[in-house]
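*Asks:* Protein chains in written order, with UniProt numbering: chain L, 1 to 493; chain C, 1 to 200; chain H, 1 to 355.
Just to be clear, a hint being listed does not mean it is correct.
Computed list of lysine to aspartate or glutamate pairs in DMTMM-like fashion (alpha-carbon distance at most 25 Å, straight line) [unchecked claim]:
{"id": "1", "chain 1": "C", "residue 1": "K134", "chain 2": "H", "residue 2": "E244"}
{"id": "2", "chain 1": "C", "residue 1": "K174", "chain 2": "H", "residue 2": "E198"}
{"id": "3", "chain 1": "C", "residue 1": "K134", "chain 2": "H", "residue 2": "E43"}
{"id": "4", "chain 1": "H", "residue 1": "K79", "chain 2": "H", "residue 2": "E43"}
{"id": "5", "chain 1": "L", "residue 1": "K373", "chain 2": "L", "residue 2": "D232"}
{"id": "6", "chain 1": "H", "residue 1": "K330", "chain 2": "C", "residue 2": "E198"}
Treat the hints as calculated values from the structure; they're not laboratory data.
Note that the structure is a prediction, hence the values are computed from the model and not measured.
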Amino acid sequence: MNFPLPDFFPASAEIFVLVMACVVLLADLFKSERQGWLPYLLTLATLAGALAIQVGTAGADTTLTFSGMFVDDRLSDVLKSCLYITVFAVVVYSRDYLMARGLERGEYYLLVLFATLGMQVMISANHFLTLYLGLELLSLAIYALVALDRESARSTEAAMKYFVLGALASGLLLYGMSMIYGATGTLEISAIARKLSDPATNMDVLRFGLVFLVAGLAFKIGVVPFHMWIPDVYHGAPTAITLLIGSAPKLAGFSMAIRLLVDGLPTLAVEWQQMLMMLAVLSIALGNVVAIAQTNVKRMLAYSTISHMGFMLLGLVSGVIELRASGDIQLSYAFGSAMFYTIAYVLMSAAAFGVLLLLTRAGVEAETLDDLKGLNRRSPWFAAVLMMVMFSMAGIPFFIGFFAKLAVLQAVVAAGYLYTAVFAVMLSLIGAFFYLRVVKLMYFDEPLDTAPLVASSEMRALLSVNALAIAVIGLMPQSLLTLCATALGQAMK
Amino acid sequence: MDFQTAVFYFLSTILVVASLRVITARNPVHAALYLVLSFFTAGGVWMLLRAEFLAIALVLVYVGAVMVLFLFVVMMLDINIERLREGFWANLVPGLIVAGLMLAEMFAVLGAKYFSAGAAPAPEAPAMDYSNTKELGRLIYTEYVYPFELASVILLVAIIAAIALTMRKRKDTKFQEPAKQIAVRREDRVRLVSMPAEKE
Amino acid sequence: MEALLQPVQALLGAAWVPVWTLVKIFAIILPLMGCVAYLTLAERKIIGWMQVRNGPNRVTFFGIKALGGLAQPIADGLKLLFKEIVLPSASSKTLFVLAPVLALAPSLAAWAVIPFSEGLVLADINAGLLYIMAITSMGVYGVIIAGWASNSKYAFLGSLRSAAQIVAYEIAMGFALVTVLMVSQSLNLSDIVRGQGEGMFANMGLGVLSWNWLPLFPMFIVYFIAGVAETNRSPFDVVEGESEIVAGHMIEYSGMAFALFFLAEYANMILIATLTSIMFLGGWLSPVGFLPDGFHWLAAKSAFCLFFFLWLRATFPRYRYDQIMRLGWKVFIPVTIVWLVFIGGWMMSPLSIWK
């Protein structure tokens, strides 16, 4: 019997991460008492190696492998590179926190690596089956991570909620996928797009499936009205895990939206853009308003996530998809702005939760606004870091968040939704209140806890780099913006 | 009605009754056993469709392994089924109304024309030497090798997650280490103390 | 033979196929039941000899001294048949009665695909090996249901032990069979036997060295030991360990219901012995070139394996429960996985002997 071997080259980063995850699994089993750092270093090495491989194998053209189930294009190269960097930062930030709570075990690193693999698979998916499997791989690892702290009833509750709602969302997504399969007879994303122009395709069933697909997607990226799990899970999970949930998966979620809607159903754009518009407007309104009432920083950031994801969707809503005669798809600048927004948000979110982790130590959590009081007295530099992050999230000029909002709003206006843009700006102004409140607490209030910050030097260094990136990219956003636009604008096959 | 149809109706009757009993049985162990029966009959129905690999895999995996462990757990739990059912009748009417409405809506949108049996013509009967198992194996390891491997990674993650969440070293357990007990030497346990004889 | 059957076939018409199949089923089941009966005698005799005593020697046919003990199984069977089946008052009645049936049925159903000789098989199906694995995995239900339905602590503990043990060893057993099907490239049991009759040694007239037991030696050992564990035989008989939980799941059973569990256990032993002979010891094939193949070889090989069952029982003390689990999960499963990968590599390499 002869087996045609698939082309493994485009997937070398995925294969590397999988192999290294197995190595970490075995290394964790056989390490000696004194080698507690082994899984940590191996994980960092894996992520750095994956980045090197991804950059090394990046090519200009789109390649398909594994019978068309895996796609390697510019979009996946850019998103995956951001993914490795984010997870690298997450692992570095989390270590002290986890060690102080006895959670720093091999399983944490394993689950993080497998979650990374799941996100890689999602980003490179060209088939509903692999997209779904990648999503489940990511979700399963994250459910377990949220519940990792067995002693905490709050984490367990959060994990349970997340699991039940996540399973429901997976169900919705699968139902939508099966409907689309029923209408088109294929699960391959590019084949579905081709089938759309076929007059024999049943559009009713397709639209029916689309509704479920959008609902499932909205659930996974957490936008109103499918946002209920976000505050509870962000609040309940150990802060280090919240950091993971709040950062890297947004990249995968963005990719999922692009693959499902833009790649898969381009001619139905009118319909899904209407749905996304509703979701986006509601998310921006609810996220910004409810965040004001929060006294817990993690919950506040959870609502801020909802509003940011709403902004990201606005970018997708205002995009124009051009179908070339050759069957290729040309995407407008708006999609690039959504991608830029996602990357900017991930950068800010990682830094925000990083500072929260920095404030914790054994037995002391930093979760409420009170814990941030007078941070300037305790550490002027990290108070400045958090200030930069908050300014950026609020959209104050010359930080990355400002340009992200600007790019999206430009696209929205260009698409003719002037009132939507005005509405979004108004609510961003309302939202600026709670970001600036954090700054006020840090600089003008007396600290309640005057103990010095304890953190490893690598965490301090990386967090500083992260904050500087927010500022520096804010000064010259054009290169990243162009990168996003070209990655997406490249003709998709 | 030919023989095959008769067998189909026989198996489907058992399947439907058993599935109904799964949700109506008062005792959870009985419910689990009915589930076993319905899996087994579902295997039979698949066998009729010439999907012998799926049928046998269903029996092997679900009946032979999953349900055994399931029963294992259900038998050890002392579930008060009456308490779980308290709200059943109260919720039945609104539940039925919502379900009926949803069904009606879906039917109105999609109608019977897309999902009737006629919309999906039966595939042609395969040749006599056609082996379902062989074909499935060929597809899984060639065209679908990537999702197949991903599924195996998901299972690995499930194992890791289950172990990470449940395996805790309890401090209050009292266990013996026979190896240590055997390796014990006289000096470890007995201390000879020389005491001067006492005089009255 | 054909000429003799012709008029009967004409007489029965459409009913011929089911009737003829039933006849074939009886032709398998009845001798099997005989084997089970005399296996119990053999067990007692062999263990007796190993322990330098006589074993049963009183019950004879019509007082013929030379047949001492030969009627023992029949006497035992009659005794059990006439005893009352006591239903414990707090038991779950239907399941209590159903359990022995569920224990016995799979061990008989599995015989449908066993090839006794070239072409001599009730159902020559393609997925025979899968069928065997699926059917034998059902046997555990008899034990579990018996333990639960009895509403007795000892019975319940026995059934829980059994469930965990059988699931643990089934995995190793399955992996061992996977290597067999890899080298045979078939799931059909007849093809598996035929595949063992080919190769370098078989051409030299030394078929015994071509059989699977040699290249798959670790699998052969794992399969056989896992088979002993699957049938709950000593030294893995913690399920009914009489010093701990009296008789495990069978404790509340009496009369013929008890006898059915016994029949199931011995029928399973014979099944495992026969399967080992088919998978690893060349089935009906003759070990040397100059002797003809035939059913007698399968019988001899199975008898040899059965002797091992008895030998193990006479020799080894019972495993502790955690040791059983350790052996299953931490020894057998890794060994089988490693050998699986090794065989896969061997088959892909130019040194492959299974071309």
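*Asks:* None of the hints should be skipped; say for each whether it holds.
*Replies:* A quick look at each hint next to the structure:
no.	hint	verdict
1	K134/C with E244/H	violated, 47 Å
2	K174/C with E198/H	violated, 57 Å
3	K134/C with E43/H	violated, 42 Å
4	K79/H with E43/H	holds, 19 Å
5	K373/L with D232/L	holds, 24 Å
6	K330/H with E198/C	violated, 60 Å
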